[in-house]
Amino acid sequence: MSAPPILSVRGLRTTFATRHGMVTAVDGVDLEVLPGECLGVVGESGCGKSVTFASVMGLVKPPGRIAGGSIRFLDQELTTLDEARFRALRGRDMAMTMQDALTALNPAYTVADQIMEVVLEHDASLDGSARQRRAQARARALEMMDLVGIPSAAKRLDDYPHQFSGGMRQRIMIAIALACRPRLLIADEPTTALDVTIQAQVLDLISTLRTELGMSVVLITHDLAVVAEHCDRVVVMYAGQVVETAPTRALIDAPEHPYTRGLLASIPRLSALDAPLDPIDGRVPDLVDLPPGCRFRERCTVAEARCTSEVPMVPLAGERAVRCVLAEGGR
Amino acid sequence: MSLGRLIERLAQLVPVLLGVSAIVFLMMALTPGDPVEIMLGDQHVTEEQERALRHDMGLDLPPHERFVKFLANAAQGNFGQSFFHRQPVMDVIASRLPATIELSLVALVLALATAIPLGVLAAVKKDSWLDRAATVTSLFGVSLPGFWFGILLLMLFAVHLQVLPVAGRAGYESEVAPITHLLLIDTLLRGRLDAFLDALSHIILPAVTLGLPMAAILTRVTRTSMLEVLDQDYVTFARAKGLRRRAVLAKHALKNALIPTVTVAAIETGSLLGGNMVVETVFGWPGLGRLVVESIFVRNYPLVQAAVLIYAITYVMLNFLADVLYTVLNPRVRL
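Protein chains in written order, with the numbering used here: chain A, 1 to 331; chain B, 332 to 666.
Chain A with its partners taken away, still in its complex shape (with noise of 0.2 Å):
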């Protein structure tokens, strides 16, 4: 790894107070996302993906709280940071979209107010009477909008987003996150809510945009099929900790944790559509009543007797790691 990551997760452990007891849904989460690459986040419904960037955004809900660990950003330390210097940071060097955009834009409010804001409140080049920084702010606006591609943006500035389009919905929320130019954009999600023909529409306007504006991008998804399209690295989390993390095309090639394999099983084939899919049998386990030993094992086909004790990340050769004790006995 050359450049120094500009976010760095260690030991990430974010916590929820609930009925049935303490859910510690990011568990010892270790991450880095490097200048300018593309961050795939992969895991299923519940595994802690969008916690644990819920946690780098500060935007934890009570009763959930980050129990420990570090998340380093551009060399400052995030969970100790107040959230006034916390709240200058998100929207203007961090950025998030949601996975809905329906519900993601305030209903209430046209476009423009919505990009406009962001600017007024983070761009330090604005200056001039408070009608000239709208003014410039209403400018970047449009600008942001020609750029995410909404047609004819000068005539849509003052719609509001129930007038969109489900794709172009997607579009706008993404104007606002990149409206400062952040170095680092999380991008929630970004296409589940999509049509499959605006899905790819979408996923390569963020890809052409991190290039352009050099930003780094970390994909949370479930979709193994986007991140080998759009991702230099992925994370595979499970059950709240990170299983295994490689450079997408190894991964892909040789997945090494049963996980992995798994995912990459059940994704249906065009070459083989008479083939039954694979899924993966069984459920997440309760985090509630987490069992001791790989949390995966209950599910795993291979799984042994030594699996019940305490798996660490085993770092392998290619810039990998792999959360598994047959991973490297298997080679």
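One thing to keep in mind: the hints can contain errors.
Claimed, not checked - Listed next, the in silico BS3-like pairs over lysine-lysine satisfying Cα-Cα at most 30 Å (straight line):
1) 456/B x 582/B
2) 456/B x 155/A
3) 586/B x 456/B
4) 155/A x 586/B
5) 155/A x 457/B
6) 586/B x 457/B
7) 400/B x 61/A
Just so you know, the hints here were simulated from the structure itself, not pulled from any lab data.
Add chain B to chain A, keeping to what the hints say.
Same frame as chain A, but now just chain B:
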């Protein structure tokens, strides 16, 4: 909003008013008690004199004919003579209406000014002592009967502490030439600060009594809708944009949370009209509510009829106003 929609609304008023008139007429006809007898009291009159009076008041006709006659006259804006005041009904009502409007407005403002901040605070500080206090207080506010609460306030502030007047709208020395007929505004416009304070001291207890149940309901509605809105993605997204907490709450959350509050406020303002009758009676407030109560006692049919029509029109208009406010708060709704 289009003119067509406004006309449609006004057209909807016609069946409402017809129905309300019919019901009120029927109830007055079925209620025992004869206005002529009440009016004559113990006076001894000949049968002939009584018949003349009855004819004079239009009461010698059978009820259905009276109703048709009433409708025909009302359609021309003639609501008849008040039996009791010997004046056109509308003149009597017009002289009492401003006091009621003023009392209702002050009650409404008081209710909104306490309920919205309190509801927002309770939601933001959910499960705190403030939230619990607001919930308990609003439970009391909804449950306390207005006449009882009003009398309690009177006993405390007017009788024991003697800091506020017992009844009425203002003292004699506070009379000013009317401009808007709303005393609080007129006294200020005429530069009579002493009279303004006097009017204020008179209106405060009835307005609090009238506004309390409304404030209580609105606090709960605002709290609930605010809690719901705070959980929405757009609030999280607003935070992710690095906006100030105030901007997130006041801009992104509140505007959406106010939609149910506005609806309920409009309906509750309608129910202030009913509350007025009780509160105006308790506080001797010279408004329409007390006039209607008095008129019912003496079977002053024409006045009750006209007043109820005014209530019905006000109610429909308030709901229309709520619809208009809706479009301001929620651009997805188009009238």
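>> Under the constraints set out in the numbered hints, which ones does this structure not fulfil?
In response: When the structure is compared with the hints, numbers 2, 5 and 7 turn out to be violated.
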